[in-house]
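> The residues making up each chain are set out below.
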Amino acid sequence: MRIIAIIERILKELFRDKRTLALMFIAPILVMLLMSVIFNTNSVTNVTVGTVGVSSKVTNEIKKIKHVHLKTYQTQEKAKHALTKQKIDAVIKQNGHNYHIMYANTDATKTAKVKLAFQNALTISNVKALKQALSKSTQANTQLKAQILALEQKVTQQKVKKQKAAQSPQSQKAAKISNTYVYGDHNTGYYDKILPILMSFFVFFFVFLISGMALLKERTSGTLNRLLATPVKRSVIIFGYMLSYGILAVIQTILIVLIVVWLLDIEVVGSMIAVVIMNLLLALVALAFGILLSTFANSEFQMMQFIPLVIVPQIFFSGLVPLDTMPTWIKALSYLIPLKYSGEAINGIILHGTSIFDLGFEITMLLLFLVILTSLNIWGLRRYRKV
Amino acid sequence: MQTNILELEHLAKSFGKKRVLADINLTVIPGEIIGLIGPSGAGKSTVIKIALGMEVATNGTAKIFQKEMPNRQLLSDIGYMAQTDALYMSLTGYENLHFFGVMKGLKASKLASAIEYVAAVVNLTADLNRRVVEYSGGMMRRLSLAIALLGDPQLLILDEPTVGIDPALRQQIWAELGRIKMTGRSILITTHVMDEAELVDRVALLLDGTVMAFDTPQKLKQLYQVDSVEKVFLKAEGVETCES
Ligand SMILES: Nc1ncnc2c1ncn2[C@@H]1O[C@H](COP(=O)(O)OP(=O)(O)OP(=O)(O)O)[C@@H](O)[C@H]1O
Ligand SMILES: [Mg+2]
Numbered sequence: 001m002r003i004i005a006i007i008e009r010i011l012k013e014l015f016r017d018k019r020t021l022a023l024m025f026i027a028p029i030l031v032m033l034l035m036s037v038i039f040n041t042n043s044v045t046n047v048t049v050g051t052v053g054v055s056s057k058v059t060n061e062i063k064k065i066k067h068v069h070l071k072t073y074q075t076q077e078k079a080k081h082a083l084t085k086q087k088i089d090a091v092i093k094q095n096g097h098n099y100h101i102m103y104a105n106t107d108a109t110k111t112a113k114v115k116l117a118f119q120n121a122l123t124i125s126n127v128k129a130l131k132q133a134l135s136k137s138t139q140a141n142t143q144l145k146a147q148i149l150a151l152e153q154k155v156t157q158q159k160v161k162k163q164k165a166a167q168s169p170q171s172q173k174a175a176k177i178s179n180t181y182v183y184g185d186h187n188t189g190y191y192d193k194i195l196p197i198l199m200s201f202f203v204f205f206f207v208f209l210i211s212g213m214a215l216l217k218e219r220t221s222g223t224l225n226r227l228l229a230t231p232v233k234r235s236v237i238i239f240g241y242m243l244s245y246g247i248l249a250v251i252q253t254i255l256i257v258l259i260v261v262w263l264l265d266i267e268v269v270g271s272m273i274a275v276v277i278m279n280l281l282l283a284l285v286a287l288a289f290g291i292l293l294s295t296f297a298n299s300e301f302q303m304m305q306f307i308p309l310v311i312v313p314q315i316f317f318s319g320l321v322p323l324d325t326m327p328t329w330i331k332a333l334s335y336l337i338p339l340k341y342s343g344e345a346i347n348g349i350i351l352h353g354t355s356i357f358d359l360g361f362e363i364t365m366l367l368l369f370l371v372i373l374t375s376l377n378i379w380g381l382r383r384y385r386k387v
Numbered sequence: 001m002q003t004n005i006l007e008l009e010h011l012a013k014s015f016g017k018k019r020v021l022a023d024i025n026l027t028v029i030p031g032e033i034i035g036l037i038g039p040s041g042a043g044k045s046t047v048i049k050i051a052l053g054m055e056v057a058t059n060g061t062a063k064i065f066q067k068e069m070p071n072r073q074l075l076s077d078i079g080y081m082a083q084t085d086a087l088y089m090s091l092t093g094y095e096n097l098h099f100f101g102v103m104k105g106l107k108a109s110k111l112a113s114a115i116e117y118v119a120a121v122v123n124l125t126a127d128l129n130r131r132v133v134e135y136s137g138g139m140m141r142r143l144s145l146a147i148a149l150l151g152d153p154q155l156l157i158l159d160e161p162t163v164g165i166d167p168a169l170r171q172q173i174w175a176e177l178g179r180i181k182m183t184g185r186s187i188l189i190t191t192h193v194m195d196e197a198e199l200v201d202r203v204a205l206l207l208d209g210t211v212m213a214f215d216t217p218q219k220l221k222q223l224y225q226v227d228s229v230e231k232v233f234l235k236a237e238g239v240e241t242c243e244s
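Going line by line, the protein sequences match chains S and P. All residue numbers for the first sequence refer to full-length UniProt numbering, where the first residue is 1 and numbers rise by one. All residue numbers for the second sequence refer to full-length UniProt numbering, where the first residue is 1 and numbers rise by one.
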């Protein structure tokens, strides 16, 4: 089988080229580690939270959280005053069962921290409340058992039903939390939103770089011509490249995703496998894209020149900047950017737990890119052999 | 009528406005060696590339095995050696031969013995397991030739195969080309070495975009009234030979 021989050859060449291997695996790790150091230092920021009328159950839990300080205010006005004077980073106010949080939001990390801390505190206090309710109901149950022994069957059954109905309603209802921001909104520099996009961007960037180099070398060294002087099909050459670099892209992508998720401690609400799959799809698109662009370059340096031209602009469309307010032509342009689809999809999975089965549109678009780019690549080899 | 292995009819080729080939007619019959000679830049490599379908002719047709080129399937029976050594430098000589053998469609069972044979022809058997980066220029040329010889192709197209190869080995290679010819296979070869041109069956002299002369070395020498192909070449080019 020719395709297997091609894959074997490419992998053999690659594993003997230590520099390229290093670029593929060590460079992304270094970049990710650097990123983790930079982003993680932000997470130990101290925040001070002001509370107005929040029940002691919750405030006690907030106090227990590291790097979070608590100040209790008698009135909303006093708390707001402290907020504008930057003495505190957020004000939490309880209205019966609901909470309202106002963030200063000048530092997005602090906002995120408060949000998380409050949610944790609330969850813990809820869990405790549930535990209490549970022990109460166990008590009730034992009482009932005694009654069961004493009373006749029919009567008891009715009573049990009534008892159960009476027990349930209280603490089960989830507390409503509403947020307001003194500065910006919930999108402002929210790291959890940036990281998934940066991760996809790195996947795209590194795969693009290596695959572009690959076919370029084959072409400039003349081996492509020699290869095309044998009866091998053009499509077999392209698929051979896609598969062998695809294997490497799989490893690289998994590596990047794992590092980002674990080192940066990102909370993945959805499925981790879905995150890897979406990134893989993006990596394959990057692979095909790199091979395509390499046909327009005559040297490694010319390949590098594509980076500021076609790679960097992608990041603007990837979801880092909201596109809703952009001019129509920019919005139209964004549909041609693969990173836009993967960015949206991966954000959905990580932040909102979107199922991969609900990402049909994004997956279809990425597959479409893949098919079109691969066909273009096969067609592009006609430059060197017409059949 | 004789069947032609290679047949070029009225080939013309221009790169942009630059006309390289004007009207090329050339035939190769079974069991013959054709030498394509001409000054540097005359378009020898271009003729070969068009014949193989790697360049598109502006005009005219190229047929190999009586089928019009480009034709992918026919390539399995053509051994091509380009002017530049296109080799995978990080692979060993053996790995290069193996890879191109598979690409040419050689059966796995035949491949090992085929590699062994061609390696012996170019005297590379001892160096097969070294990486090509470590090869000398001549060794790369020989490996390149060995790849072209793989699989006993019916037609060999060799673009300056003996550049950088020492006289003893060159003799050995020509002996092999002679053997190939004896089995009824054909060879089209370009060269700048004029005593090699004496060894071919017919010489095609490429000049000004046309085949100026196409005949056996003896007939050409008679025609130009000189005693070597080298002098035919010089006379055709209009260079004064320093003869007293
Ligand atoms: N891809 C190309 N684009 C433009 N011009 C080309 C191209 N390939 C060849 N040429 C031109 O065509 C002419 C013939 O080139 P070719 O390589 O066929 O010469 P040649 O006879 O093989 O020379 P040599 O003996 O030096 O190998 C040259 O003038 C060259 O500049
Ligand atoms: Mg040439």
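These aren't lab readings, by the way, just hints derived from the structure by calculation. Be aware that a few hints might be false.
To be verified - Simulated crosslink set (BS3-like; lysine-lysine; CA at most 25 Å straight-line):
1. S:Lys128 x S:Lys57
2. S:Lys233 x P:Lys110
3. P:Lys110 x S:Lys386
These numbers come from a predicted model, not from an experiment.
> If you draw a straight line from the CA of S:Lys233 to the CA of P:Lys110, is it 25 Å or shorter?
holds, 22 Å
> Do the alpha carbons of P:Lys110 and S:Lys386 lie within 25 Å of each other, as the hint requires?
Roughly 30 Å separates the two Cα atoms, so the pair is violated.
> Quickly compare the C-alpha distance for S:Lys128 and S:Lys57 to 25 Å and report which way the hint goes.
Holds, at about 9 Å.
Of the numbered hints listed earlier, the single one contradicted by the structure is hint 3.
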